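One-letter residues, chain by chain:
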Amino acid sequence: MTNHWIDLKNSDCILAMGSNPAENHPISFKWVTKAMENGATLISVDPRFTRTSAKADIYSSLRSGTDIPFLGGMIKYILDNNQYFKEYICEYTNATFLVSPDFKLPGDNDGVFSGLEGTKTKEGYVNGKYDKKTWAFQMDENGIPKKDKTLKDPNCVFQLLKKHYSRYNLDKVEQITGTPQEKLLQVYKTYAKTGKSNKSGTIMYAMGWTQHTVGTQNIRTMSIIQLLLGNIGIAGGGVNALRGESNVQGSTDHCLLFHILPGYLKTPKASQPTFKEYNQVYTPKSNDGMSANWWQNYPKYSASLLRELYGTDVSLEEAYTYMPKLDDGANYSWLTIFDEAYKGNINGLFSWGQNPACSGANSNKTRQSMAKMDWLVSVNIFDNETTSFWKAPDMNPKEIKTEVFMLPCAASYEKEGSITNSGRWMQWRYKASEPPGEALPDGDIITDLFLKIKKLYEKDGGTFGEPIKKLRWHKHFDSHVIAKEINGYFLEDKEIKGKLYKKGTLVPSFAYLQDDGSTSSGNWLYCNSYTEKGNMAARRKKSDPSGIGLYAEWSWCWPVNRRILYNRASVDKNGKPWASDKPVISWNGTKWTGDVPDGGWPPMSAGSKSRYPFIMQKDGYGQIFGPGRADGPFSEHYEPLECPVEKNFMSPQFVNPTIKRWDMEGIGTKMDARATCDPRFPIVCTTYRVSEHWQTGVMTRWQPWLVEMQPSMFVEMSKELAKLKQIKNGTIVTVKSLRGKVDAVAIVTQRFKPFTVAGTTVHEVGIPWHYGWVTTAERKYDSGDKKPELFTFGDSANLVTPNIGDANTMIPESKAFMVDVIRKEGS
Amino acid sequence: MVEMAIFIDVSKCTGCRSCQVACKNWNQLKAEKTTNRGTHENPPDLSANTWNRVRFNEVVNDGKLQWLFLNDRCRHCEEAPCMFAAEDVPGAIIKDKSGAVIFTEKTKQLKYEDVRGSCPFDIPRYDEKTGQIYKCTMCIDRITNGLKPACVTACPTGTLNFGPKAEMLKLANKRVEQLGGDAAIYPGEEYNTFWVLPETEENYGLEAKATVSTSRKFAWNKILSPWGTLGLAAGFIGCLSKADTVTDQEQTR
Chain A
1 MTNHWIDLKN SDCILAMGSN PAENHPISFK WVTKAMENGA TLISVDPRFT
51 RTSAKADIYS SLRSGTDIPF LGGMIKYILD NNQYFKEYIC EYTNATFLVS
101 PDFKLPGDND GVFSGLEGTK TKEGYVNGKY DKKTWAFQMD ENGIPKKDKT
151 LKDPNCVFQL LKKHYSRYNL DKVEQITGTP QEKLLQVYKT YAKTGKSNKS
201 GTIMYAMGWT QHTVGTQNIR TMSIIQLLLG NIGIAGGGVN ALRGESNVQG
251 STDHCLLFHI LPGYLKTPKA SQPTFKEYNQ VYTPKSNDGM SANWWQNYPK
301 YSASLLRELY GTDVSLEEAY TYMPKLDDGA NYSWLTIFDE AYKGNINGLF
351 SWGQNPACSG ANSNKTRQSM AKMDWLVSVN IFDNETTSFW KAPDMNPKEI
401 KTEVFMLPCA ASYEKEGSIT NSGRWMQWRY KASEPPGEAL PDGDIITDLF
451 LKIKKLYEKD GGTFGEPIKK LRWHKHFDSH VIAKEINGYF LEDKEIKGKL
501 YKKGTLVPSF AYLQDDGSTS SGNWLYCNSY TEKGNMAARR KKSDPSGIGL
551 YAEWSWCWPV NRRILYNRAS VDKNGKPWAS DKPVISWNGT KWTGDVPDGG
601 WPPMSAGSKS RYPFIMQKDG YGQIFGPGRA DGPFSEHYEP LECPVEKNFM
651 SPQFVNPTIK RWDMEGIGTK MDARATCDPR FPIVCTTYRV SEHWQTGVMT
701 RWQPWLVEMQ PSMFVEMSKE LAKLKQIKNG TIVTVKSLRG KVDAVAIVTQ
751 RFKPFTVAGT TVHEVGIPWH YGWVTTAERK YDSGDKKPEL FTFGDSANLV
801 TPNIGDANTM IPESKAFMVD VIRKEGS
Chain W
1 MVEMAIFIDV SKCTGCRSCQ VACKNWNQLK AEKTTNRGTH ENPPDLSANT
51 WNRVRFNEVV NDGKLQWLFL NDRCRHCEEA PCMFAAEDVP GAIIKDKSGA
101 VIFTEKTKQL KYEDVRGSCP FDIPRYDEKT GQIYKCTMCI DRITNGLKPA
151 CVTACPTGTL NFGPKAEMLK LANKRVEQLG GDAAIYPGEE YNTFWVLPET
201 EENYGLEAKA TVSTSRKFAW NKILSPWGTL GLAAGFIGCL SKADTVTDQE
251 QTR
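Protein chains in written order, with the working numbering: chain A, 1 to 827; chain W, 1 to 253.
Next up, chain A with everything else stripped away, as it sits in the complex (with noise of 0.2 Å):
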């Protein structure tokens, strides 16, 4: 989140897409309740009409998969109607620049940006690569990007944002989402209000805009709104993300995913072998004064963290030769992970804290995969369906070689530690109880697990054992010491701006921090949160001067407390609020009061003393033009892998030309197909969650008191699809891909209806991925298996899902794809 769960109190009009706070982030609408109380208007835009919708003033439907073209009719609409922020745009976003003349469009261009290189096929290009030569900024003689602030030059942003968009008018939006005109209109009008410069919208989304293979590209067409409205940096504003986890922030803030490492630092690749090779290749330039440019800061938050590492006794070029460098241009996500393994190119996992048996896409393939391991560790606090992957009904135990390790662990409540919420907000936990048995917390178990490794490598050698010889560990795990470590020292005495900072100190800040090696960081984003002032997310002060919710003294937020990111875009050029009954930071003359300003140079309108407000972008603007993503500057329709129409309305390229087909000869494998527009399986299937089950379910499904409330796989369909395939209410049926298949029980209601998609009526269904066959009451349970008091019905949706990923993430697109429904026999 740009801003932070309680800051959606000050919202005027909330847009909920992508995502059901009121069922998967209950907490969430208390404020969201609150802000309705003051006036807000609650927008719920999803394919079903959910608890969302339910307390919602607007609720429109969408096809799944067409959350861009509902977009991009609304930035259309935008723009038509001059509902945009005109010196918002003008001063602190990109609508200026000007982009090279050989750029093109896809109106212009089949379909797909300029640069693009790879296979041509009937469909369009696949398993497509940018050359993004053409989608650059022209540039002055000083190399500042060239600007024409009336907007007018055919190559600037806006002129450009003007035409891609055009093409999204009401009847093709209609014409691809399902969604009536008048809906959309009422939609678009609601919303494109909040770009009165004291008013504010915000975006809550969560996986129902991620799990797409344009999943980046559905986030970036709603960034280019709250952009254009002005919506970016102000109280009640922002890009919300939803996390699907409490401490999900934190885990990838410290480095969860493979390509980056701690406080997104780039992981290096093996295309740069020297510290100072990799330094320079991630240090962006500048040439403009004004830009703050802050990730020129990077070679000092990289050498903290080597010597968090390494320590002092090695040097930061030797540290960095221990780092384990990704191939160039290979990828190490999840879906890899499983295809390599089923490959039989893996040996073995450590599961930990996951259930991928239930919890990734096309779980028989990941279910099949694990059955060509040597072996598997699984650390969990409940027996699941990975765990127990060897003895499932579709397996053979005698057959499986794989040797299986369970490492019980301490649930949250039984270790004490922080966990960073979704708006960013690390906050100190203390141990309720004591683990039981054997379980031990996780901090324990890779201690314990590191400290053999490393006695091994001492013992008996090894191919490149200084990387684990060498690097730092405690012999036991605590905590507060690996916080402090986070948040970084002083490993010298160091003078800076004319004060003493003595070794072995905690640095106060990452403005601290030093290139030199003379400071540690283990998360330079942290700096900051354990001082030697204490534990700052241990706070729990309950006043907030700010009046707008931020309550800067309870707990820690990263950046150094700042509450709202971005938020020297609240003010004018005189550092004046915009909205003058919310306002975030204001210049009184002297300095910036309200919350932490992302930085403390004075206003714009001091010039060169100071800095324009996006300060993590190169040239300090927001990015209305986008050039970083793999597959366009902006978004652009393209319908999902599998889907019910036979072609792309919009352009004749099909599918988002710069996703890995797995499904292509040579790529995937046989568990990878793919049914498009197939009469065999006619009907768009979508996955969600409930607010009584967790995730695949592991702490849910044993938890009676949430099972009575939610006891089995479901699938809910409309009347009329019910009719059609005389299905009753509350019989069970199988839910069927080319993939795999799943019983649920029907769900008929009318919050389902079908679509009418280019004249013709498409049906959609949803399914849910709690469950799992490991506490159902068909399978065998063995003596000494843990039998839950009260069965579950049904298995994982994730039997359904494709494996196919975004094309700048990988995560796969659960969200929309192609099943069919058929009544059991005897139901």
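Keep in mind that the hints were calculated from the coordinates and are not lab data.
Every value quoted in this text rests on a predicted model; they were computed, and no experiment measured them.
One thing to keep in mind: the hints can contain errors.
[As the list claims (entries may be wrong)] If the Cβ cut is set under 8 Å, some of the chain A residues that face chain W in the computed set are: (1) 27; (2) 29; (3) 51; (4) 706; (5) 707; (6) 714; (7) 718; (8) 743; (9) 745; (10) 746; (11) 747; (12) 751.
The beta-carbon is built from N, C-alpha and C at its ideal position, and this holds for glycine as well.
Starting from the known structure of chain A, fit chain W onto it as the hints suggest.
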């Protein structure tokens, strides 16, 4: 302790059912074996182990679909009909000064049909194992120790509120005014648990109660005179004819 009340602002309910779980947790009530019956609503009815329950009603009015959530539970009547049905066993059903109507262990000595039948809202439930009759206690063990009822504490949206009755009524009346339209206090002000319904009672299936036993009619007659509210009685008798037609809470109206 001053007279307290639970005020349920239905307009804010998202059907998350944290109230159902919180009740079971605090009161250590067993989970029930359920099935999905083609609705998200579960358990299907109140029971000796389920003292509050969210009803899910799908209704279409003037072509507009609504999904209405209603937390159903004891109303803690000021003059509780169940107490009349328990007259013969002193101390079986008590009206506490907090406003809570409490079923004690002595309900074992009562005739279940009479107690259930006496309740115009069909709340009391019998446990065959213990022989006792149960329902919401307003968390009497919490509220007399300065805590809010468990369900109120768990509610994320401000749907459930607890406090001095006078304050709760003030809140409720203000909410009725804000919501306008058909919004009204239900069942009325003479209760220590009351709702503000944004829609008519009919939309929540409140006029269409489950079957009414003979003894219940008997008990109703017994209490008619002390209440003296003929209008209410007429409404009640009026719904008898519809009594057995409504089984699926998600039906269309």
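Open item on the list: Take the shortest C-beta to C-beta distance between residue 714 (chain A) and chain W; is it under 8 Å?
Closed with: Constraint on residue 714 (chain A) satisfied, holds at 5 Å.
TODO: Identify whether the interface hint at residue 746 (chain A) stands, where standing means a beta carbon of chain W within less than 8 Å of its own.
DONE: Interface hint status for residue 746 (chain A): holds (7 Å vs cutoff 8 Å).
- [ ] Report holds or violated for the interface hint on residue 745 (chain A), using the least CB-CB distance to chain W and a cut-off of 8 Å.
- [x] The hint holds - residue 745 (chain A) has a Cβ within 8 Å of chain W, the shortest such distance being about 4 Å.
Task: chain W contact restraint on residue 707 (chain A) - CB to CB distance below 8 Å - done: OK, holds: residue 707 (chain A) within 8 Å of chain W, min 7 Å.
- [ ] Double-check residue 718 (chain A) for me: the hint is only fine if its C-beta lies closer than 8 Å to a C-beta in chain W.
- [x] Since the shortest Cβ distance to chain W is 12 Å, the answer is violated.
TODO: Answer holds if the nearest beta-carbon of chain W is closer than 8 Å to that of residue 706 (chain A); otherwise answer violated.
DONE: Constraint on residue 706 (chain A) satisfied, holds at 7 Å.
Open item on the list: Is the interface hint satisfied for residue 27 (chain A)? The criterion is a beta-carbon contact with chain W at less than 8 Å.
Closed with: With a minimum Cβ separation of about 5 Å from chain W (threshold 8 Å), the hint on residue 27 (chain A) holds.
Open item on the list: For the restraint on residue 51 (chain A), tell me whether the closest CB of chain W is nearer than 8 Å.
Closed with: Residue 51 (chain A) check passes; min Cβ-Cβ to chain W is 5 Å, inside 8 Å.
Open item on the list: Using the nearest Cβ pair, does residue 747 (chain A) come within less than 8 Å of chain W?
Closed with: Residue 747 (chain A) check passes; min Cβ-Cβ to chain W is 5 Å, inside 8 Å.
Task: Hint check: 8 Å Cβ-Cβ cutoff, residue 29 (chain A) to chain W - done: Result: holds, 5 Å to nearest chain W Cβ.
Open item on the list: For the restraint on residue 743 (chain A), tell me whether the closest CB of chain W is nearer than 8 Å.
Closed with: 12 Å, violated
TODO: Under 8 Å, Cβ to Cβ, is where residue 751 (chain A) needs to be relative to chain W, so tell me if that hint holds or is violated.
DONE: Constraint on residue 751 (chain A) satisfied, holds at 7 Å.
In this structure, the hints that do not hold are numbers 7 and 8, in rising order.
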